[in-house]
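Colleague: One letter stands for each residue in the lines below.
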Amino acid sequence: MIFLFATPMSFGFGNFLLPLLLGTRDMAFPRLNAFTYWVFTFAGVILFSSLLFGRAPNGGWFAYVPLTGPKYQPGINMDVYSLGLLFLGVSTTSGSINFIATSLKLRAPGMTLNRVPIFVWALVVTAFLLIFALPPLNTANAMLFLDRRFGTRFFQPDAGGDVVLWQHLFWLFGHPDVYIIVLPALGIVSAIIPTFSRRPIMAYPLLVLAMVAVGIISFGVWVHHMFAVGLPQLSLTFFSAASMIVTIPSGIQMFAWVGTMLMGRVVLGVPMMWAMGFLVVFVIGGVTGVMFGIVPFDQQVTDSYFVVAHFHYVLFGGAVFPVIGGVFYWWPKTTGRLTGVRGGQWSFWLVFAGFNLTFFPMHISGLLGMPRRVYTYPGGLDWDLWNLLSSLGAYLLLAGLLVTLGTFAHSLWKGAQAPPDPWGGETLEWATASPPRPYNFPVIPTVHSVHPLWDQGSLDSFAEGARFKDRVLAEGHELLVTSELDAEPEVALEMPEHTPVPFFTAVSLFLAVLGLLLGVYVLAVAAGVVAVLVIGRWLWPRWSRREAGHAPGEKARETAERDAAAEQEAEKEKTEKGAGA
Amino acid sequence: MAGLWWLMFGISLFVTAVIVVLVLWAATRRRRPGVRARMDTGQRYVTITGIILPAIVLVLVYVISLPTLRAIGDPKDPDQLTIDLLGHQWWWEVSYPGSGVVTANEIHMPTGRTVHLRLRTADVNHSFWAPQLNVKTDLVAGRTNHLWLRTDRPGVYRGQRAEYCGLQHARMAFHVVAQPPAEFAAWLTGQARPAPAPPGGLAAQGLRVLESGSCASCHAVRGTTANGRIGPDLTHLASRRYLAAGTVPNTRGYLGGWISNSQTIKPGNRMPPQPLGSEQLQALIAYLETLR
Numbered sequence: 002m003i004f005l006f007a008t009p010m011s012f013g014f015g016n017f018l019l020p021l022l023l024g025t026r027d028m029a030f031p032r033l034n035a036f037t038y039w040v041f042t043f044a045g046v047i048l049f050s051s052l053l054f055g056r057a058p059n060g061g062w063f064a065y066v067p068l069t070g071p072k073y074q075p076g077i078n079m080d081v082y083s084l085g086l087l088f089l090g091v092s093t094t095s096g097s098i099n100f101i102a103t104s105l106k107l108r109a110p111g112m113t114l115n116r117v118p119i120f121v122w123a124l125v126v127t128a129f130l131l132i133f134a135l136p137p138l139n140t141a142n143a144m145l146f147l148d149r150r151f152g153t154r155f156f157q158p159d160a161g162g163d164v165v166l167w168q169h170l171f172w173l174f175g176h177p178d179v180y181i182i183v184l185p186a187l188g189i190v191s192a193i194i195p196t197f198s199r200r201p202i203m204a205y206p207l208l209v210l211a212m213v214a215v216g217i218i219s220f221g222v223w224v225h226h227m228f229a230v231g232l233p234q235l236s237l238t239f240f241s242a243a244s245m246i247v248t249i250p251s252g253i254q255m256f257a258w259v260g261t262m263l264m265g266r267v268v269l270g271v272p273m274m275w276a277m278g279f280l281v282v283f284v285i286g287g288v289t290g291v292m293f294g295i296v297p298f299d300q301q302v303t304d305s306y307f308v309v310a311h312f313h314y315v316l317f318g319g320a321v322f323p324v325i326g327g328v329f330y331w332w333p334k335t336t337g338r339l340t341g342v343r344g345g346q347w348s349f350w351l352v353f354a355g356f357n358l359t360f361f362p363m364h365i366s367g368l369l370g371m372p373r374r375v376y377t378y379p380g381g382l383d384w385d386l387w388n389l390l391s392s393l394g395a396y397l398l399l400a401g402l403l404v405t406l407g408t409f410a411h412s413l414w415k416g417a418q419a420p421p422d423p424w425g426g427e428t429l430e431w432a433t434a435s436p437p438r439p440y441n442f443p444v445i446p447t448v449h450s451v452h453p454l455w456d457q458g459s460l461d462s463f464a465e466g467a468r469f470k471d472r473v474l475a476e477g478h479e480l481l482v483t484s485e486l487d488a489e490p491e492v493a494l495e496m497p498e499h500t501p502v503p504f505f506t507a508v509s510l511f512l513a514v515l516g517l518l519l520g521v522y523v524l525a526v527a528a529g530v531v532a533v534l535v536i537g538r539w540l541w542p543r544w545s546r547r548e549a550g551h552a553p554g555e556k557a558r559e560t561a562e563r564d565a566a567a568e569q570e571a572e573k574e575k576t577e578k579g580a581g582a
Numbered sequence: 126m127a128g129l130w131w132l133m134f135g136i137s138l139f140v141t142a143v144i145v146v147l148v149l150w151a152a153t154r155r156r157r158p159g160v161r162a163r164m165d166t167g168q169r170y171v172t173i174t175g176i177i178l179p180a181i182v183l184v185l186v187y188v189i190s191l192p193t194l195r196a197i198g199d200p201k202d203p204d205q206l207t208i209d210l211l212g213h214q215w216w217w218e219v220s221y222p223g224s225g226v227v228t229a230n231e232i233h234m235p236t237g238r239t240v241h242l243r244l245r246t247a248d249v250n251h252s253f254w255a256p257q258l259n260v261k262t263d264l265v266a267g268r269t270n271h272l273w274l275r276t277d278r279p280g281v282y283r284g285q286r287a288e289y290c291g292l293q294h295a296r297m298a299f300h301v302v303a304q305p306p307a308e309f310a311a312w313l314t315g316q317a318r319p320a321p322a323p324p325g326g327l328a329a330q331g332l333r334v335l336e337s338g339s340c341a342s343c344h345a346v347r348g349t350t351a352n353g354r355i356g357p358d359l360t361h362l363a364s365r366r367y368l369a370a371g372t373v374p375n376t377r378g379y380l381g382g383w384i385s386n387s388q389t390i391k392p393g394n395r396m397p398p399q400p401l402g403s404e405q406l407q408a409l410i411a412y413l414e415t416l417r
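For the record, the sequence lines run as chains A and B. Heads up: the first sequence begins at 2 in the working numbering, then just goes up one per residue. Heads up: the second sequence begins at 126 in the working numbering, then just goes up one per residue.
Hints in this document: simulated from the structure, not taken from any laboratory. What you are looking at is a predicted structure, and each value in this text was computed from that prediction instead of being measured. Certain hints may be false.
Partner residues are not named here, just some residues of chain B that face chain A (Cβ under 7 Å, in silico) [said to hold, decoys possible]: (1) Gly-167; (2) Leu-258; (3) Lys-261; (4) Ala-266.
Heads up, the beta-carbon is just placed ideally off N, CA and C, and yes, glycines get one too.
Build out the structure end to end from the sequences listed, making use of the hints.
Modeller: So, in structure tokens, the structure goes:
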């Protein structure tokens with residue numbers, strides 16, 4: 002749920018939407034993108050197939066040592082965890098690099114940093130978080146694997162190791178991971194609310210600052226997962242204060258969304274219902290989150306059902322509600338079909354009711370002293386009623402999710418054709434066909450504001466841009482590279498053609514991981530060597546194309562020069578016109 | 126602690142109510158046709174509601190919480206009673222330093238006196254939590270953690286471990302028995318005595334089963350040759366309220382069932398089924414019941 006759904010789901014949205022939102026035709030590194038996809042798939046195969054063989058990881062998602070060490074968990078279950086996550090990390094890290102490069106270099110001309118859609122900001126902050134948060138997790142998992150397989154003693158106290166080290170490393174990843182999961186979802190909300198409030202998002206600069214601030218602060222609060230470990234009280238007070246501060250960026254976003262709705266004219270479309278449901282649920286997860294920042298309270302309710310309730314309000318309410326809302330929002334764009342309104346409303350209300358009935362009673366059972374992760378408990382402790390309510394809620398939630406799936410299936414089967422812009426959206430993706438052509442934009446537009454589809458200048462640029470050679474789809478594989486801050490056009494970039502090399506790289510890494518996992522080290526080494534060779538082939542300069550007169554950059558430079566001239570002319574024309582008027 | 130909770134609860138309720146009301150209002154109000162959305166950026170409004178107000182509330186709550194944090198720390202009480210707690214998969218070993226008393230899953234403490242718990246683990250990480258008495262404190266491999274309890278109300282308080290510790294994480298409860306000081310002193314003296322000699326007959330036969338069978342390799346009964354240190358000390362087994370870390374009540378039936386095949390009661394626990402004949406089993410139960 003955390004590693005293979007919640008963390009990477011932003012990549013699904015991102016891969017499809019990032020080029021559309023930025024007004025470009027592809028991600029910066031399409032081959033790296035294919036590679037991340039295949040690595041993600043194979044890592045998922047490793048982690049999930051372990052269920053079929055009865056070898057699934059069995060130490061909880063944070064896998065505390067020594068329970069997960071060789072002594073208490075023999076067998077390969079926990080090796081599946083450590084190696085599977087290391088392998089998955091390769092995919093996530095490469096994907097993040099691709100997101101950052103794309104967002105910095107491929108924005109449509111005129112999309113200066115203060116005109117970048119909030120959702121893109123969210124994805125970029127998430128990508129930076131991943132790049133900095135994964136190394137501690139990878140380190141910990143490598144140490145765990147060495148401990149389990151090769152007899153090192155990183156986590157064995159009787160040999161001078163330290164089990165608390167694992168907890169520090171894990172939560173140094175684990176807390177930022179909460180924001181890795183939630184930030185893209187908050188970005189989705191920031192995309193939905195202005196569209197359905199019929200006005201631009203409120204306090205845009207503060208929202209962007211809030212996201213960046215969350216990203217930075219989230220690295221300074223990990224110890225609040227460890228308040229009961231027995232660390233000195235003085236250091237707990239620092240982490241307690243830091244945990245309180247992280248509330249403020251969330252407060253900024255919450256009031257900016259509510260303010261946007263109040264100042265606008267709310268249209269109750271289905272995506273908007275999910276966003277509003279999110280606001281209500283997320284604020285409850287937020288206030289209980291503040292409580293967890295208070296050390297004595299945390300020590301009382303941590304590892305109880307209260308914390309289960311809290312993080313489901315944050316992660317289900319904060320991430321799954323916006324994600325479903327986002328799927329409803331972009332469904333017409335992705336599939337070219339509209340979804341049924343009544344089905345969407347039913348799915349929302351059922352999930353909203355089911356979710357609250359499932360998770361709200363857990364606050365109470367937790368306060369009554371019920372610990373988490375128990376498969377049974379004795380009767381007569383006043384927990385029975387609340388657990389019964391949670392169970393009923395779970396069925397209701399299931400019904401709601403089935404209706405949601407049914408609504409989407411019905412749309413694919415019988416849904417009406419979607420126009421390019423069914424909601425009256427503000428960002429560039431709504432200017433493309435539904436579903437978009439493989440090249441997204443026949444003409445790369447010029448962006449004049451943070452909501453280009455609501456301003457005439459940006460709309461006109463689709464026609465005007467046709468005059469610039471590098472913005473028109475010429476030979477099918479060209480992107481416009483712009484500068485990082487001000488999105489000034491730099492060069493037209495030719496994209497690579499189709500190739501199976503990323504797939505083979507992923508396969509050879511997959512075999513190397515399998516070799517390590519099963520203890521067939523010959524296979525691991527051989528596959529590793531193959532991987533190096535395939536990557537060498539991947540990075541080898543493309544001589545053949547250079548010989549054919551397609552030196553990379555040369556043609557791009559030509560078009561760039563030509564366009565610079567054309568632009569100057571256009572500028573001159575404009576000023577002359579201005580002077581004439 | 127309770128005051129802090131109600132303060133946070135009140136603030137939380139207020140914030141949630143404000144957001145819910147605003148969202149509902151925005152969603153349901155009817156605007157006259159022709160009224161257009163207002164386009165101002167609202168920067169000042171967000172600065173006040175999203176930054177300044179929350180900052181004041183947060184600082185306030187944080188400062189108010191600090192005395193509570195201090196209160197649960199070391200009270201520096203010279204008259205404190207020290208108890209050692211050793212976590213096992215999946216039971217608790219309780220010992221009272223200086224008295225020779227070793228018991229399991231039942232922690233007796235005097236009322237009106239500070240009790241200092243030293244928490245260690247024999248295997249994986251556990252966490253000690255008696256919700257009515259104390260905040261959670263983990264038992265961390267390779268470390269000793271400290272916890273201070275104090276209560277003025279006699280009674281039996283249920284508690285359990287709260288850090289996931291493997292298969293039978295769910296069945297690892299304990300009971301804290303708070304007693305008036307005199308009663309506690311009497312209990313401690315009783316527990317310090319070795320096991321009484323069996324009155325003869327069936328019970329004496331039971332002692333032989335215990336000493337000669339596999340029981341003695343894991344369990345200790347002070348005053349006999351049984352001195353295993355792997356499982357719980359059984360010297361005063363019959364005085365305890367529950368078996369197997371709060372799993373089942375300590376009655377004759379459960380005791381017999383537990384000895385013959387504890388795996389049906391608490392699957393995965395470390396005690397293997399005991400292939401005893403019915404006569405031997407009856408004798409063993411009879412003996413164990415004398416261990417008061």
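Colleague: If a hint holds in the structure, say so; if it doesn't, say that too.
Modeller: How the hints compare with the structure:
1. Gly-167: 4 Å, holds
2. Leu-258: This hint is violated: Leu-258 (chain B) lies away from chain A, its Cβ roughly 11 Å from the closest one there, beyond 7 Å.
3. Lys-261: Holds, about 4 Å.
4. Ala-266: 5 Å, holds
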